[in-house]
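Colleague: Let chain A serve as the given structure and place chain B on it in line with the hints.
Number of protein chains: 2
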Amino acid sequence: MRVSRLSELKPVILKIGGSVITDKNRELAARTQEMSRLAEEIQKVNAKNLIIVHGGGSFGHPVAQQYAIKEGFKEETQKIGFAETHHIMTVLNGLFMDALIWRNVPAVSITPSSCIITRKGRIQCFEENPLKMLSKMGFLPVTYGDAVFDSDLGFTILSGDQLVSYIATKFNAERIIIGVDVDGLYDADPKVEKTAKMFKHLTLAELKALQNKLGESVACDVTGGMSGKIAELMPAIERGIPATIVNATKPNYIYKALKGEKVEATLIEKE
Amino acid sequence: MRVSRLSELKPVILKIGGSVITDKNRELAARTQEMSRLAEEIQKVNAKNLIIVHGGGSFGHPVAQQYAIKEGFKEETQKIGFAETHHIMTVLNGLFMDALIWRNVPAVSITPSSCIITRKGRIQCFEENPLKMLSKMGFLPVTYGDAVFDSDLGFTILSGDQLVSYIATKFNAERIIIGVDVDGLYDADPKVEKTAKMFKHLTLAELKALQNKLGESVACDVTGGMSGKIAELMPAIERGIPATIVNATKPNYIYKALKGEKVEATLIEKE
Numbered sequence: 001m002r003v004s005r006l007s008e009l010k011p012v013i014l015k016i017g018g019s020v021i022t023d024k025n026r027e028l029a030a031r032t033q034e035m036s037r038l039a040e041e042i043q044k045v046n047a048k049n050l051i052i053v054h055g056g057g058s059f060g061h062p063v064a065q066q067y068a069i070k071e072g073f074k075e076e077t078q079k080i081g082f083a084e085t086h087h088i089m090t091v092l093n094g095l096f097m098d099a100l101i102w103r104n105v106p107a108v109s110i111t112p113s114s115c116i117i118t119r120k121g122r123i124q125c126f127e128e129n130p131l132k133m134l135s136k137m138g139f140l141p142v143t144y145g146d147a148v149f150d151s152d153l154g155f156t157i158l159s160g161d162q163l164v165s166y167i168a169t170k171f172n173a174e175r176i177i178i179g180v181d182v183d184g185l186y187d188a189d190p191k192v193e194k195t196a197k198m199f200k201h202l203t204l205a206e207l208k209a210l211q212n213k214l215g216e217s218v219a220c221d222v223t224g225g226m227s228g229k230i231a232e233l234m235p236a237i238e239r240g241i242p243a244t245i246v247n248a249t250k251p252n253y254i255y256k257a258l259k260g261e262k263v264e265a266t267l268i269e270k271e
Numbered sequence: 001m002r003v004s005r006l007s008e009l010k011p012v013i014l015k016i017g018g019s020v021i022t023d024k025n026r027e028l029a030a031r032t033q034e035m036s037r038l039a040e041e042i043q044k045v046n047a048k049n050l051i052i053v054h055g056g057g058s059f060g061h062p063v064a065q066q067y068a069i070k071e072g073f074k075e076e077t078q079k080i081g082f083a084e085t086h087h088i089m090t091v092l093n094g095l096f097m098d099a100l101i102w103r104n105v106p107a108v109s110i111t112p113s114s115c116i117i118t119r120k121g122r123i124q125c126f127e128e129n130p131l132k133m134l135s136k137m138g139f140l141p142v143t144y145g146d147a148v149f150d151s152d153l154g155f156t157i158l159s160g161d162q163l164v165s166y167i168a169t170k171f172n173a174e175r176i177i178i179g180v181d182v183d184g185l186y187d188a189d190p191k192v193e194k195t196a197k198m199f200k201h202l203t204l205a206e207l208k209a210l211q212n213k214l215g216e217s218v219a220c221d222v223t224g225g226m227s228g229k230i231a232e233l234m235p236a237i238e239r240g241i242p243a244t245i246v247n248a249t250k251p252n253y254i255y256k257a258l259k260g261e262k263v264e265a266t267l268i269e270k271e
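First to last, the sequence lines map onto chains A and B. The first sequence runs contiguously to residue 271 in my numbering. The second sequence runs contiguously to residue 271 in my numbering.
So here's chain A without its partners, still in its complex pose (with noise of 0.2 Å):
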C-alpha cells in the first residue's frame, strides 16, 4: 500500500455551512437534529469519493471574533482565546462525527490545526497523506474552519470555505456541493430583502460581474459571508470545478444534490 497513488475517483467536496447545523443567533447551540438528518441523508448516498469540510457558525465565530483570532497573535490573553477557538470546533465536529459514526458511516476528522500552517491567512503547508489516506481506502474524510497556526501571523483562522476551494484544486474535484441556509446564491440578501432574485445559473463571468455586488453587503461572519464564499470558490470554478450552491436546511436537498438528482439551486460553472 503506498500514500503515493491517489484515488482513481474524483472526489466531490460537500460543505455544511456553520448555519445548517448551529443557530448563529445562539452562542454554542447545536442543531443536533439537523446533523442526524444529513447524517441520515449522506449514509443513504453511501458515496465512496465524498470530502465533508464544515462550518464554525455559533461554536467557532463568537469566541474567534471576541479574541480577534483571525487579525494574529497581538498580545498574551489571546492566548487563551485560540484555545477555546479550537477546542469548541472540536466538540462541533465531535457532534457531526456522532451523528455519522453513529449510522455506520466510516467517517474520520482531519484536523486542519494540526496539519496546516497557514501565511498571512492562506494555506502554505499542508500535510497531505492523511486525508489520501483516508480517501484512497474509502473512509469519509471530515475537516472544518479551524484556528491555525501561521508562519507570519502567529495565528489565524481558516476558514471551512478556503479549505474547500484549497482541497478541490489539489485533489482535482469533480464537484462541489455548498450547502447553506438559503435556497441559492441571490442578488441581494434574501433574509433581508424579500424581492431578491435567486440565480439558477451563472457563469465565472457573470459572477465576477456579481461579486462586486455582493461585495457591498456585510456579513456577520468572521470568515465573511456569502460574498467571502464565492471569492473563496473562484480559483476553483476557473479550474473548470462546477459548485452547487443549495439549501441543506431543506430534507433531502443534500442528498439529491449529492445524487446528482435535479434540484432547486444554484450551479456555477466555468462558462
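Hints should not be assumed to be uniformly reliable.
Which copy? The list can't say, so a pair holds if one copy fits it or any two copies do.
Unchecked claim - Calculated cross-link-like contacts (lysine-lysine; reagent style PhoX-like; alpha-carbon spacing at most 20 Å):
hint	residue 1	residue 2
1	191	24
2	48	136
3	200	132
4	24	74
5	259	44
6	74	132
7	191	44
8	132	256
9	48	70
10	170	132
11	213	259
12	10	256
13	120	132
Hint data in this document are derived by calculation from the structure and do not stem from the laboratory.
Modeller: Relative to chain A, chain B alone:
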C-alpha cells in the same frame, strides 16, 4: 515569526497514562475528577516548556482490540472500528482539554492521525510544525495515543508511549515524566504480587537486564502495558534524557515531579 526557529527551552514531556484518567475496568469510563485535579496541578506549575501526551485507557483500547486495529487493515468491517477508535480518543482528549482550558491553561490538542503516518507501526512522517509553533508561542501542546494511518499496514495504533519517546528525542527534551497508577517501576506487577519491590533508581544497563523479566508478564493493553512503556523509553534514555515514573493518581505527585521536587518515584538515567 519563523516556524523553523525552535524554542530555546528544552521541553519536559509529561505522559498521563490511560489508567489514570479512565477506569480501565469499565468501558468508556472517564475519571473527570482526576482530570480536574491534574489540570489544577498543571496550571499551578505554570511550566513554559511542557508537552503532554495521554493514553487511551478504557476509551481507545477496547474498541481497538475488538476490531484488531493495531494489526492493520484486513477487511472492510474494520473500517467503522478505526473510525470509532479515533473518534472516542478525540472525545477523551476533549474532556481533558476542557479541564485544562477551564482553568485558563492555553492548551491546544495535536491530533496524531492528522499529522503522522506510521510504517509498520513506527512513526514514518510527522508534520511537526504545528507542535513547534505551539511550543514556541507558549501554548501547552497536548497529544495522545490514536488510531493512525500506516503506509504498510493501512492503519494501526500509535501508542502514547511511542509518541513520548519520539517527541522527547526529536525535540531534545530535558526530561520525561511518566504518570501511571502505581508508585513506580517494580520487579513484578505490584497489583498482583504483594511482595513486588519498587526501584528508586535504575541505570540503562539495569533497566535492560530487568526488561527481559518484565517482558514475561502479559499486560492487557493493546500497546503493551509497562513492558511496552519501557521498550519505548529506552531510545530516549540512551540519548541521555532521564525518565521519572511516578504515581499520577496521588495528589500533587505530578505537581512535585514537574517542579523537580522530591517525590516517591522511579528515576531512570543513562548511567
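Colleague: If a hint holds in the structure, say so; if it doesn't, say that too.
Modeller: Do the hints match the structure? See the list:
1. 191 with 24: within (14 Å within a copy, 52 Å between copies)
2. 48 with 136: within (9 Å within a copy, 40 Å between copies)
3. 200 with 132: Neither: 33 Å inside a chain and 47 Å across chains, both beyond 20 Å.
4. 24 with 74: neither (27 Å within a copy, 43 Å between copies)
5. 259 with 44: within (10 Å within a copy, 54 Å between copies)
6. 74 with 132: Between copies, since 19 Å is at most 20 Å while 35 Å is not.
7. 191 with 44: Result: close neither inside a copy nor across copies, 31 Å intra and 49 Å inter.
8. 132 with 256: neither (26 Å within a copy, 44 Å between copies)
9. 48 with 70: Neither. Shortest intra-copy (34 Å) and inter-copy (24 Å) distances fail the 20 Å Cα cut-off.
10. 170 with 132: Close inside one copy (11 Å), not across copies (26 Å); limit 20 Å.
11. 213 with 259: neither (32 Å within a copy, 60 Å between copies)
12. 10 with 256: within (19 Å within a copy, 54 Å between copies)
13. 120 with 132: between (26 Å within a copy, 18 Å between copies)
The structure is inconsistent with the numbered hints 3, 4, 7, 8, 9 and 11, although it conforms to all the rest.
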